[in-house]
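Colleague: The primary structure of each chain is shown beneath.
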Amino acid sequence: MSQVDYPRQVKELILHLKKLPGIGPRGAERIAIWLLQQDGGVAQSFAATVEKARGEVWECGVCGFFSTEQGCPICDGSGRDETVLCVVEQPTDILPLERSGAFRGHYHALRGKISPLDNVGPDDLRIGELMDRLKKGAFEEVILALGADVEGEATSNYLVEVLENEGLKITRLAMGIPVGGGLESADELTLFRAVQGRTALGRGGS
Amino acid sequence: MSALLTSLKLNQFRCFTALRLELGEGISLFVGDNAQGKTSILEAVCVLLRLQSPRASALGETVQFGQREFAVAGDYGDSELRLQFTSSGRRLSVDGETQKRSGDYLRASGLVVWMGNDDLALIRGGGEGRRRYLDFMAGQLFPGYRTALKAYERALRSRNFLLKRDKTPAWPQIDAYTKLLYEHGAVLTARRRELIERLQPYAVEAQCQISGREDEAVALEYRCGSDSSEALHTETGYDLAAVLWERREEELRRRQTVAGPHRDDLLLSLNGMPTAKFASEGQQRTQALALKLAQSRLFLAMKERAPVLLIDDIFGELDPQRRNALMQAWPEESQKLITTTHLDWLDPEWGRAATVYEVRMGKVAKP
Chain W
0 MSQVDYPRQV KELILHLKKL PGIGPRGAER IAIWLLQQDG GVAQSFAATV
50 EKARGEVWEC GVCGFFSTEQ GCPICDGSGR DETVLCVVEQ PTDILPLERS
100 GAFRGHYHAL RGKISPLDNV GPDDLRIGEL MDRLKKGAFE EVILALGADV
150 EGEATSNYLV EVLENEGLKI TRLAMGIPVG GGLESADELT LFRAVQGRTA
200 LGRGGS
Chain E
0 MSALLTSLKL NQFRCFTALR LELGEGISLF VGDNAQGKTS ILEAVCVLLR
50 LQSPRASALG ETVQFGQREF AVAGDYGDSE LRLQFTSSGR RLSVDGETQK
100 RSGDYLRASG LVVWMGNDDL ALIRGGGEGR RRYLDFMAGQ LFPGYRTALK
150 AYERALRSRN FLLKRDKTPA WPQIDAYTKL LYEHGAVLTA RRRELIERLQ
200 PYAVEAQCQI SGREDEAVAL EYRCGSDSSE ALHTETGYDL AAVLWERREE
250 ELRRRQTVAG PHRDDLLLSL NGMPTAKFAS EGQQRTQALA LKLAQSRLFL
300 AMKERAPVLL IDDIFGELDP QRRNALMQAW PEESQKLITT THLDWLDPEW
350 GRAATVYEVR MGKVAKP
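Read top to bottom, the protein sequences are chains W and E. All the letters of the first sequence, read from the start, carry residue numbers 0 to 205 under numbering that gives the first Met the number 0. All the letters of the second sequence, read from the start, carry residue numbers 0 to 366 under numbering that gives the first Met the number 0.
No wet-lab data here; the hints were simulated from the structure. Heads up, some of the hints might be wrong.
[Claimed, not checked] Computed cross-link-like contacts, DSSO-like style, restricted to lysine-lysine with a CA-CA straight-line distance of at most 30 Å:
| no. | chain 1 | residue 1 | chain 2 | residue 2 |
| --- | --- | --- | --- | --- |
| 1 | E | 8 | E | 276 |
| 2 | E | 149 | E | 8 |
| 3 | E | 149 | E | 99 |
| 4 | W | 17 | E | 365 |
| 5 | W | 18 | W | 51 |
| 6 | E | 178 | W | 134 |
| 7 | W | 18 | E | 99 |
| 8 | W | 168 | W | 135 |
| 9 | W | 168 | E | 178 |
| 10 | E | 335 | E | 302 |
| 11 | E | 178 | E | 163 |
| 12 | E | 149 | E | 362 |
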């Protein structure tokens with residue numbers, strides 16, 4: 000007697016689900032079975048939603064954010080400061096900055112960071128597009144808002160180097176202690192940078 | 000104040016499928032033939048308390064043969080420490096609470112000094128062993144050191160990879176890493192220098208205690224592995240970015256990063272002459288031991304906490320004079336875990352204060 004396993008269709012579904020980020024073999028199996036056991040067209044509507052989203056949302060060719068038939072909410076939006084461009088790693092990094100309300104300029108998502116050990120170089124990122132935008136646009140300042148890990152920092156350093164002769168002001172996000180946190184929760188390097196980048200208060204000594 | 004490691008639990012660690020040990024203060028002696036698992040017990044203590052092994056470059060190497068996961072746990076002072084290693088990463092917890100940052104875990108943990116019979120390589124071997132000695136110490140004394148070291152090593156790997164990869168190196172990319180080497184390297188160099196300065200008096204004292212002579216003047220000096228023009232050297236070391244710029248041709252030829260903390264060294268001398276070249280074998284052994292003893296004294300002074308001493312297999316090798324000197328000079332408050340193949344050297348009176356464990360084929364018993 001041969002060993003019984005899931006039908007081929009189920010195994011295929013599990014295989015696809017397993018490819019999703021953060022989903023392991025067991026999770027994939029659980030989700031697949033759950034989908035198959037739902038009544039009332041849950042699975043069909045799920046599949047249709049995926050298809051619709053994939054078909055009607057694409058990457059904005061300019062900033063790298065999500066764009067639809069109505070256009071890109073950032074590039075086509077009005078009232079933005081046309082002179083400041085904020086460079087981020089991923090399009091998902093744009094939303095936290097937007098929510099903070101601290102920045103009202105334009106964005107440029109690189110779609111990653113330089114990491115030679117993972118075989119990602121400048122040509123794999125949207126750096127050429129960035130250069131084009133800076134040449135054509137009315138930008139006066141570029142804000143580098145990349146991560147503070149080794150790869151993020153290396154990417155920042157690289158961008159500083161290639162942007163140096165563009166006649167632009169180049170800035171990076173300040174680093175320091177988190178709001179609402181005590182000093183004891185900050186690590187040494189963060190504190191070091193916080194002291195380096197301290198800001199003056201009051202009018203004494205000036 | 001001294002905290003104790005009162006229990007140790009291992010699962011699928013090296014040759015131990017499962018092991019539970021109760022440990023007391025003072026001296027614990029692990030006795031057994033070679034290849035029975037004695038050293039693995041000390042290694043597990045080091046992994047539990049410091050999250051790194053003196054024998055393995057990655058934690059994954061300590062998994063029991065044929066397995067994919069291990070766990071090490073124990074009670075240290077008032078805290079229950081636990082490290083689980085799985086294929087998806089490591090999980091740390093203190094008193095059952097998961098710790099995301101190793102820094103938070105290590106704060107609840109203790110200090111460790113490892114003494115082994117390969118310590119002689121500190122004197123006779125290459126700079127790598129001495130850098131590891133400094134890094135292991137600095138990582139325990141200065142909270143941000145490990146972070147800086149990891150960032151430096153990662154940037155260095157990327158930079159060397161880029162230097163090797165292309166026929167014509169992509170300098171703009173390489174220089175993006177040069178700046179990182181400079182920034183993180185500055186932390187490493189400054190801390191190592193500070194460390195050596197603080198260590199020096201303890202090393203002098205330990206050398207005299209072990210040799211029983213007053214005229215053995217030990218000197219420790221930090222040497223930057225850069226022979227570039229003096230002008231680039233500053234008081235705090237050297238401007239690595241400038242040095243690497245000056246030696247660009249050499250980097251192109253050798254296809255690797257030619258200067259930086261990863262090439263620095265600790266110069267050891269005795270009476271003004273390099274120990275490795277001019278000292279007798281006995282003096283070299285004494286100095287190797289003195290460096291480790293100095294480490295434990297420095298820990299006690301700086302952290303006001305006695306380190307756990309993990310002493311692997313050196314007691315059978317040491318001559319009686321050095322052995323007695325070590326036992327006189329080590330911090331009284333320290334908990335000592337010692338492995339040995341035999342107890343012939345054991346002074347009966349002294350032995351009464353020690354707890355003896357027999358280690359055989361991955362099992363431990365109190366006789």
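Colleague: Can you name, in rising order, the numbers of the hints this structure does not satisfy?
Modeller: 1, 4, 12
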